[in-house]
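These protein sequence lines map, in sequence, to chains A and B.
Count the first sequence with my numbering and you get residues 2 to 138, in order.
Count the second sequence with my numbering and you get residues 3 to 392, in order.
In case anyone wonders, no lab produced these hints; they're calculated from the structure.
Hints may contain errors.
In silico DSS-like pairs for lysine-lysine, Cα to Cα no more than 30 Å straight-line [what the hints assert, rightly or not]:
hint : chain 1 : residue 1 : chain 2 : residue 2
1    : B       : Lys381    : B       : Lys364
2    : A       : Lys44     : B       : Lys371
3    : B       : Lys170    : A       : Lys67
4    : A       : Lys67     : B       : Lys380
5    : A       : Lys75     : B       : Lys380
Since the model is a prediction, treat every value here as computed from it, not as a measurement.
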Amino acid sequence: MNSNKIYSLILVLLLFAVSSCKDNEDKEKVPVLISNDIEITLKPGEWVYYRFSDSTVVGTGIIGDKDDDAMWYKRTDWDIAFSEGGIRTNGGTAGRGIGGISIIDEETFNQDSYTDASLLYYYQDVSNVPITVPVDR
Amino acid sequence: MTVSDYGNEDESVYRWVNGYTKYYNAMHYKAKNISSVSLRTREGIEKLMAYMVDKNDGHPGGGIAGFSVSGDWSIYNYSGPSQAGITNIMRPKGSGGAHAMTLIGYDLSVEFDCDDDGIIDDDEKGAFIFINSWGTWWGNDGKAYMPFSAFTRSIEDGGFYRFDGEAKALCTDAEYQEPTLAMEVNLTYSSRNDLNIRFGVADGAQSTKPDKGCFAEYKHVLKAQGGDLRMQGTTFETGKTITMGFDLSELKAAVDTMKAPCWYLIVSKVISGDNGSGNVNEIKLHDYRNGKDSIVSASFKGSTAAISTGTRYFKIMTKDWFKDSSGKWYRPVNTSASRIVANTDYMQQFNWNRIFAVRKSKGGFAKIKITGYDPKTKKLTFKANNYELK
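Using the sequences plus the hints, can you model the full thing?
Printed below as a string of structure tokens:
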């Protein structure tokens, strides 16, 4: 085989390799449902911050503490926070994420549909929501 | 209340004073002791005279005493002997008591023929000097004589009182006090004798009525007083609105033990004569316990302000703290949170019996179904359906 044919073969092989990589990158991501039963422990007068991706409690913060609120606002590693008196999500005035919440019914919960979830209206957090805390906290 | 605070005496004799400061000034003088002296006998007359000199204990200012006369009373010209120079005298005409006035002195030179027999008997000599509450235009600069015989004699013999129990004077010894707690009330009403007013206090914003046992449940500070007149005692529309003050210092001992006192103005409407109407506009609690005037107020509008038949409770919270059924205290903190899932009443336990969809911090979605919350262990359980893009 003369050198021209070898070079042509190498070129074809290279073109094929590049084409294969491009195909992989163009492959669409699909939502995968992961269901878990979760138990967390709330703390009087505190938010408990939670992340869905790895079912992890990320940390806690004192309700009404401006420094704690400012610190958690900057972070995007949490999705939702629970307290005895309410809930916050990482969006609106509580966080710089795009989080929000919507109240749904049992039927919607049981629907295994990412698309339906994406069509709901999500309310972002606002300021001056009264959250109950113990007086001796 | 002083004459200067009472104001223009030429206005209606039924006038009630308007303005909290005037009532506050009056709160500084409280009845320390009230005693009754029968004036049916000469002995009683002399006992009262001695009290008027120095309150029987060397008091430099002496004493005054209240008494009452029936609705059918009148004064007449007097031209007999007089050291005080008073030319009006009460003449016995009726019986019983419906109008209160004040005995402020006596004049032993007065001679009054109460039985019209042309003879001045020994017991027809001498008279008390009394003052009416209607102002200086009445009588002699507001004063007139009340003859001793009006008390000591029977009605048949020219006296004024049919029953022994009516012929008496009430001696009130006042003491100076600094009020510690007071309520300022601004209300509008068209027929003031419909109103019964009480006050009370309870601990915690969760309360809806005063705690039982508070003095307000048993004691009226104002009850069907003043006749079918506007609040200020006139028939004019402008007189319907009044601002009054009420001394609540008696409740200090109870309030000192409270974390979050909640004050109540209790207004009962019981129609008497004209069927009045009106509102409670604003109430203010003045707390002087720390040496300064700390004010907490509440305003009312529309249906929440209306004084209606029955009893209404108008409430001022000093703090938004509340206690739950177990007695533990809580307070609301205003912060960033989801309003759509928040309780409409912060005093209610958060409703965990719900299902949510959540848009996550960086996008994507999850659903949460709360399966349980134990307030004792603080454990929250939920089923999470999380969508991850892979």
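To see whether the hints hold, each was checked on the structure:
1. B:Lys381 <-> B:Lys364: holds (27 Å)
2. A:Lys44 <-> B:Lys371: At roughly 20 Å apart (the allowed maximum being 30 Å), Lys371 (chain B) and Lys44 (chain A) satisfy the hint.
3. B:Lys170 <-> A:Lys67: Violated: Lys170 (chain B) and Lys67 (chain A) sit about 70 Å apart, past 30 Å.
4. A:Lys67 <-> B:Lys380: Answer holds: Lys67 (chain A) to Lys380 (chain B) is near 24 Å, not above 30 Å.
5. A:Lys75 <-> B:Lys380: holds (27 Å)
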